[in-house]
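These protein sequences, in sequence, are chains U and Z. Read the first sequence against my numbering and you will find it ends at 404, with the numbers running on by one and no gaps. Read the second sequence against my numbering and you will find it ends at 313, with the numbers running on by one and no gaps.
It should be emphasised that the hints constitute simulated quantities derived from the structure, not laboratory data. Computed from a predicted structure; not experimentally measured. Fair warning: there could be bad hints in the mix.
Stated by the list, open to error - Covered stretches of chain U (in silico footprint by chain Z; criterion: 3 or more residues with CB under 8 Å from a CB of chain Z, positions within the stretch not fixed):
1. 196-202
2. 267-280
3. 358-365
4. 393-399
Glycine included, C-beta positions come from ideal geometry on N, C-alpha and C.
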Amino acid sequence: MSQEVYIAGVGAISAIGNNVAQCLSSFEKELDGIDEITYLDTIHRFKLPVAEVKLSNKELAELTGVSAETSRTTLLSLAAAGEALSDSAISGISSYRTGFVSGNTVGSMDKSEDFFIDFIADNRKGKLRNVFDHECGSVTETVANLLGIKDYMTTISTACSSAANAIVHAAHLIKSDLLDIVIAGGTDALTKFTLNGFNTLMILDKNFCMPFDDNRQGLNLGEGAGYLVLISSKVAKNLNKAVYCKLSGYNNSNDAYHQTASSPEGTGPYLAMKKALEKSGLHPKDIDYINLHGTGTPNNDIAEGIAVKRLFDPVYPPMSSTKSFTGHSLGASGAIEAVFSVLAIRHGIIYPNLRFETRIQELPFEPEKRFLTGRAVHHVMSNSFGFGGNCTSLIFSEI
Amino acid sequence: MKIYIRSAACISPQKTFGEDSFLSLPVEYNETRLRAIEPDYTAFIDPKLLRRMSHIIKMGVAAAKDCLNKGKINMPGAIVTGTALGCLEDTVSFLSRMIELKEELLPPTAFIQSTHNTVGAQIALMLKCHEYNNTFVHKGISFESALLDAIMLLKMNEANNILVGGSDEMTDTSFTILTRLGLYRRWPVSNLSLFSTTSKGTIGGEGSVFFLLNDKTSAGNLAELKGVQTFYKPNNNAEIEHKIITFLALHEFQIDDIDLVITGKNGDLKNDLVYSELNLSILKNSALANYKHLCGEY
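Chain U on its own, in the form it takes in the complex (with noise of 0.2 Å):
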């Protein structure tokens, strides 16, 4: 019951690189991925900036080898989930009992969209081939099924905390010794129906997001996927090359405050951090580095923050938002961030919250504005809240 779970491969996609030394590369150079929108066929084009995955379905198809008239959301999980799958390089998979697990908000809305365009004029019309994988769990299916993974498949959707639930579903069956590897994470493309409900709540930013500013406005939205190879104690010593560190520990926390917003105390990001670390044998003067929720909203931002200084204040360790980067990728966000962290621990790096000018009134600290490297990095928490209360905070350790 007290078996270790080992990060051994990770994968990502995101507005900032098509993989991880992409991803890392951008990172170094401060650039972020937010943009006119390019792909996505909607009236907000030119009007609110997004963070895209830089290739079209057609590239995505080449890169994953597969149909073009594939989902987006399928098509961004096959990448990052591939990535992390071949970066673990666990020799004879087939002889351990693996599972995929895997995170996402609307499926593949993207095709369903175009089915209900002609839907709606006939109810007799709409092409079925575009509604048939409308489910949450068509989207994991297709990927495992893809990978040669049929041992145990499920999907999580509990909004922005999504991926980071699949992690912490992943980490408990291994915890019972029913799976030796997961593949866990997330994936979201992005659709008109998440941008034109994200824009109904007023709470997009019409200019690049500023998470964590007293100025800020609203997110943006982004896209990606991001994928996580757990691993037991018993296939960790036969790995051929080091894993990236342990998941030391893990909460899942609801808000109970309100279906969208957080509440002024941060009730339920102070939860899941407070047990992650209580979970991890940690104290907050342990943690390095908290890759914040951050989305750049008026209202998680201040109630993240007000949580972080719960639990943190005095000392604070350095934190940002990498949606500074990558936009809110949604149910992908939480496994896209926990890569990150991963690879904070491994290449001992803080990544920059990019455009931070001014300090949030209410808060003592502020997020970190410099790319740094050579940082001395052992325990690295991560953060994912989600509409429906939903907050769950990982955290990594090295070994």
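Based on the hints, put chain Z in the right spot on chain U.
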């Protein structure tokens, strides 16, 4: 550790909820869409909140509250839910308006309530429950995934008194699309004679079920939950049989120890083939029962 089902509540197209004596008289439907029998939701939900809730949220919250009431637990230690298609009514509503209004002047409410975790979130919100809260959305095994998650939480002492459930709603739109996809029979059929005609397609349904799981022996417990296992794309029936035998052996049972096997037959030729074959092999001496003619497939 032993895991017990302390209480259960079920809203379905049958009389399964509240004071109705459970399934005493099966309800007959002569169409391919079975609608949930609606309880008086005001007994469970504040009427002000009720007005804004979609069907799946009402069913889910009412079933969850009734389950907690029956188990005499005010605050669960975790809330884990499953749903294949999530909040379809709100999703389709927002999607349709977005297309019709060409992405302009959209109201936010449907979007806010469209996320798949809304049922679990609304239960937490109503109870002010800050504990573990998760939602599984993996097609036909969404509930089974939630159940496995709950079992792991209990066994690892992460939580106790876990509320675990599954919900799905059928809307006019999903019924139309799923019919076009060939999931349902092409002509009306009595649900009570679903298995007497062999044909392509089944009947659709909807509902919400919640269970309260804990590790304490109690006179009121409904049953002990031994385990759950899913498997995917077995190569052949021999593999299925092997998996069933292994699963039973894990819990120190043999097939003959099982008094009743409830199968997933739904009247669809292709879906039911495997059950017909297993009934002649591994399950040939078992008492068998079906349930999907009562609640529909969802």
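- Query: Checking C-beta pairs, does the stretch 267-280 of chain U have three or more residues closer than 8 Å to chain Z?
  - Reply: holds (count 3)
- With a cut-off of 8 Å between beta carbons, are at least three residues of the stretch 196-202 of chain U near chain Z? Since three or more residues must qualify, the claim that chain Z covers the stretch 196-202 of chain U holds, with 4 doing so at under 8 Å.
- Item | Within 8 Å of chain Z (C-beta), three or more residues of the stretch 393-399 of chain U | holds (count 3)
- Do three or more residues of the stretch 358-365 of chain U come closer than 8 Å to chain Z, measuring C-beta to C-beta? violated (count 0)
Hint 3 from the earlier list is the only one contradicted by this structure; the remaining hints agree with it.
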